[in-house]
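*Asks:* Sequence:
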Amino acid sequence: MFRLAIVLTVLVVFCSSCEKDDEVVSDYVGTWVAEVSIPTASGYTSLRDVMTFSENSVIDLIQIPGGSADKWIDYMNLKGSISVSGNMMTVTIAEIGISSVDPVTGMPTGTIIGYKEGSSEFEAILSQSEQSKTFESEYSVSGDKLTLKTDNNDDGDYLDGDEVTVYTKQ
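Numbers 145 to 314, taken from our numbering, label the letters of the sequence shown in order.
Hints in this document: simulated from the structure, not taken from any laboratory. Note that the coordinates shown come from a computational prediction; the quantities given were computed from them, not determined experimentally. Treat each hint with caution, since some may be false.
As the list claims (entries may be wrong) - Calculated cross-link-like contacts (lysine-lysine; reagent style DSS-like; alpha-carbon spacing at most 25 Å): (1) K289 to K313; (2) K223 to K260; (3) K277 to K260; (4) K223 to K293; (5) K289 to K215.
Said to hold, decoys possible - Quick list of simulated restraints, FRET-style, between CB atoms: (6) Y188 to A268: 33 to 43 Å; (7) T253 to D193: 33 to 43 Å; (8) L303 to A213: 31 to 41 Å; (9) T249 to V228: 15 to 25 Å; (10) D171 to V248: 40 to 50 Å; (11) M232 to G211: 36 to 46 Å; (12) V248 to N297: 31 to 41 Å; (13) V248 to D299: 13 to 23 Å; (14) V248 to V169: 27 to 37 Å.
Note that CB positions come from ideal geometry on N, CA and C, so glycine has one too.
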């Protein structure tokens, strides 16, 4: 009986040490949304930026107003990998997509066609959007707010209007 108790104790200790430790999820993981206003030829328009982060990947979906109050049309997306060191996030884009256009109205349909890195379409869309394939962003999370700072014009600061975006967790 004593031997059985010792064997069972050893088994319990061994099995409990084999259990997977609780994984710590980074504070940036999740879906975050920001609405930004950008200048156009006829004034300003709103864009909705939906960022979805996992531990090592990101999907950035840009939406445009869809005509009615809370309707948004998917316009463009970027998919890529991320690596994080401290509060710096390095993003490498692997796929870029843009909405097809309705031939009658000339408006985006919301159906995004994606192009992988290495394709001529990928390079053309990346160039037209003035987006670097690899870039760094400083991030911070406070409560339900994620702040991303990206030096888009490589001038060494985040003082330009489009370089700091505050997102709300969804």
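*Asks:* Verify the CB-CB distance for T249 and V228 against the hinted window 15 to 25 Å.
*Replies:* 42 Å, violated
*Asks:* Range hint 40 to 50 Å: satisfied by the CB atoms of D171 and V248?
*Replies:* 45 Å, holds
*Asks:* Per the hint of 36 to 46 Å, is the separation of the Cβ atoms of M232 and G211 within bounds?
*Replies:* Holds: the Cβ-Cβ distance is about 39 Å, inside 36 to 46 Å.
*Asks:* Is it true that the CA of K289 sits at most 25 Å from the CA of K313?
*Replies:* Within the cut-off at roughly 6 Å; holds.
*Asks:* Check whether the Cα positions of K289 and K215 lie no farther apart than 25 Å.
*Replies:* Measuring from Cα to Cα gives roughly 23 Å; hence the hint holds.
*Asks:* Return holds or violated for the Cβ distance of L303 and A213 against the range 31 to 41 Å.
*Replies:* At roughly 34 Å between Cβ atoms, A213 and L303 fall inside 31 to 41 Å, so the hint holds.
*Asks:* Check the hint pairing K277 with K260 against an upper bound of 25 Å on the C-alpha distance.
*Replies:* 12 Å, holds
*Asks:* Quick check on a hinted range of 27 to 37 Å for V248 and V169, using CB atoms only.
*Replies:* Since V248 and V169 have Cβ atoms about 46 Å apart, the given range 27 to 37 Å is violated.
*Asks:* Take the C-beta atom of V248 and the C-beta atom of N297, compute their distance, and say whether it sits inside 31 to 41 Å.
*Replies:* For N297 against V248, whose Cβ atoms are near 38 Å apart, the range 31 to 41 Å holds.
*Asks:* Measuring from beta carbon to beta carbon, are Y188 and A268 in 33 to 43 Å?
*Replies:* 27 Å, violated
*Asks:* Tell me if the straight-line CA distance from K223 to K260 falls inside 25 Å.
*Replies:* With a Cα-Cα distance of about 9 Å, the restraint between K223 and K260 holds, given a limit of 25 Å.
*Asks:* Check the hint pairing K223 with K293 against an upper bound of 25 Å on the C-alpha distance.
*Replies:* 19 Å, holds
Hint check: violations occur at hints 6, 7, 9, 13, 14; the rest are consistent with the structure.
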